[in-house]
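As they're listed, the protein sequences go chains B and E. In this note's numbering, each number is its position in the first sequence, counted from 1, plus 53. Anchor point for the second sequence: position 40 equals 27 in this note's numbering, and the numbering is continuous, going up by one each time.
In short, the hints are calculated from the structure, not lab data. Beta carbons are placed, not taken as given, at the ideal position from N, Cα and C, and that holds for glycine. Hints may be right or wrong, so weigh each one.
Below, a sample of chain E positions facing chain B; criterion: calculated Cβ distance under 7 angstroms [what the hints assert, rightly or not]: (1) Y24; (2) L25; (3) M27.
Computed far set for chain B versus chain E, every beta-carbon distance over 12 angstroms [stated by the list, open to error]: (4) L231; (5) I264; (6) S373; (7) Q412; (8) G547.
Calculated pairs, DSBU-like style, for lysine-lysine (alpha carbon to alpha carbon, straight line, at most 30 angstroms) [what the hints assert, rightly or not]: (9) E/K3 with B/K331; (10) B/K414 with B/K360; (11) B/K380 with B/K331; (12) B/K416 with B/K426; (13) E/K3 with B/K152; (14) B/K331 with B/K152.
One letter stands for each residue in the lines below.
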Amino acid sequence: MSLIDWIVLVGTLGFIVIYGIYRSRGKQNMDEYLIAGQSLPWYHVCFSVMATQASAITFLSAPGQGFADGMRFVQFYLGLPLAMVVLSITFVPIFHRLKVFTAYEFLESRFNQRVRMFTVILFLISRGLSTGLSIYAPSIILATILGWDLAWTNILMGSVVLIYTVTGGTKAISHTHLQQMIIVTGAMFMAGYMVVHLLPAEVGFVDALKIAGKAGRVNTIDFHFDPESRYNVWSGLIGGFFLQLSYFGTDQSQVGRYLTGESIGQSRLGLMMNGLLKIPMQFLILLVGILVFVYYQYNPAPLFFNKVEIDKLKTSQYASDYQAIEKKHQLSIAEQQLAVNGLAKAMDDDKEADIIRWQSKLKETGEVQKLLKNEAIGLIKKNNPTADTSDVNYVFLRFVLDRLPIGLIGLLIAVIFSASMGSIAAAYNSLASTTIVDIYKRSINAHASENHYVMASRLATVGWGAFCIFVAQYASKLGSMIEAVNILGSLFYGVILGIF
Amino acid sequence: MKNPENDREGLPPFIKSWAQMYRIVIGTLFGLILLFYLMMRFLA
């Protein structure tokens, strides 16, 4: 990264932190610290909910997924608007009328303290560990591709956000979420514009979409009811609905966001706007991915986007095997460029037979490149058994670093940090509020002053921040344990939703 | 905090009730599905 990129990166992150502290300055009571005094308008609720759900991986992996697999992932979110409607009718008025700080307080009034405590413990364990992973996942990608130290990247990713989360509480988080969403959306539009700008002069946006369509990447909708297929309309509408209902209705990291609304109406409207905006936003991110795909039809794509592993391979005992694969890859790229130019011309001339011929040639070269990539992955695994071989995570970042102009690189790295900060801040805040409200205030110290609870919440935020960074540092060694927690979480998530 | 019992509170001016708002959100969802499907058919 150049000096200008560093200035843009540090400036953007510094602005978010300072803005968060500035907007939440002044003395706060518990109500203000944990749910922003229920004073925020709908657009804060909406963007806060969206920023909490969109992690850094959303902006790293989703374009890569668009590149490799097309747009079918967008169907995963089809159940979200339906879940928003159900939540607005049921959970939002209940939580507001009971004047709760956390979702789990409701469980004690509905059932008993044991049910509340069981849910709280399950939430704290699963959210604490998954937040550690939310720090680790983008850190390992950034550290690998930028050559940064992983431990320090984890610390940076997990601690910058602590500054305003501890001092400003929920109000700071909501205000910074709004800034983060503006920066993230603006930068993704700029990235999309730049990809189209980098295409050959005769290829416009619509032409790029047509080529992506002919290559099978605009696979947005699949009506087939197939339990084997991960993404189709039915899995999105049915499975997605229950998943989003559970996440938004019973996970304090989301409940804490819409409890900040100044009224039932403002919270509802925030969720409704989330229901309207989330699918188009995800569509936009995947669209950038398929535009990157089109770019690499006209320009040579690397055999494997994680350059660090390829560099290791080049100096290993498998170097000659790799060179042989690379040679075949170059030949395939030459054929692919011939095919894509032929396809574009056939589409311009409207010659159906030629379109079909070049389309099938393009598909054929795509299959060859897939096989060559798998061969290369086999070598990478032999050379380094712990190597990260899921290449989709590296596609977008590699494209950004190799092809985008100075300044925009820094901005897009800032976007990855901002997205990460948004979801991590909400997680820290929800872990602290649950610890203090549902455990400390409920069972340990029920009659302390407001100042005492605010201070305890600040300490709990720092404590959970340290825990999550610690988990991130050891995430690669915690694989099976995290999997066990996720399995446990998914077993109980449905039950918890049922209890609610 | 505004009166939580006022059921119309928070609605945009051009929308008469929450039921209508919910219908708009669900209608937009199915509109998007149709749009995505037509786009896929057109581009493929």
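Do the hints match the structure? See the list:
{"no.": "1", "hint": "Y24", "verdict": "4 angstroms, holds"}
{"no.": "2", "hint": "L25", "verdict": "9 angstroms, violated"}
{"no.": "3", "hint": "M27", "verdict": "5 angstroms, holds"}
{"no.": "4", "hint": "L231", "verdict": "18 angstroms, holds"}
{"no.": "5", "hint": "I264", "verdict": "9 angstroms, violated"}
{"no.": "6", "hint": "S373", "verdict": "41 angstroms, holds"}
{"no.": "7", "hint": "Q412", "verdict": "10 angstroms, violated"}
{"no.": "8", "hint": "G547", "verdict": "23 angstroms, holds"}
{"no.": "9", "hint": "E/K3 with B/K331", "verdict": "24 angstroms, holds"}
{"no.": "10", "hint": "B/K414 with B/K360", "verdict": "28 angstroms, holds"}
{"no.": "11", "hint": "B/K380 with B/K331", "verdict": "43 angstroms, violated"}
{"no.": "12", "hint": "B/K416 with B/K426", "verdict": "15 angstroms, holds"}
{"no.": "13", "hint": "E/K3 with B/K152", "verdict": "27 angstroms, holds"}
{"no.": "14", "hint": "B/K331 with B/K152", "verdict": "28 angstroms, holds"}
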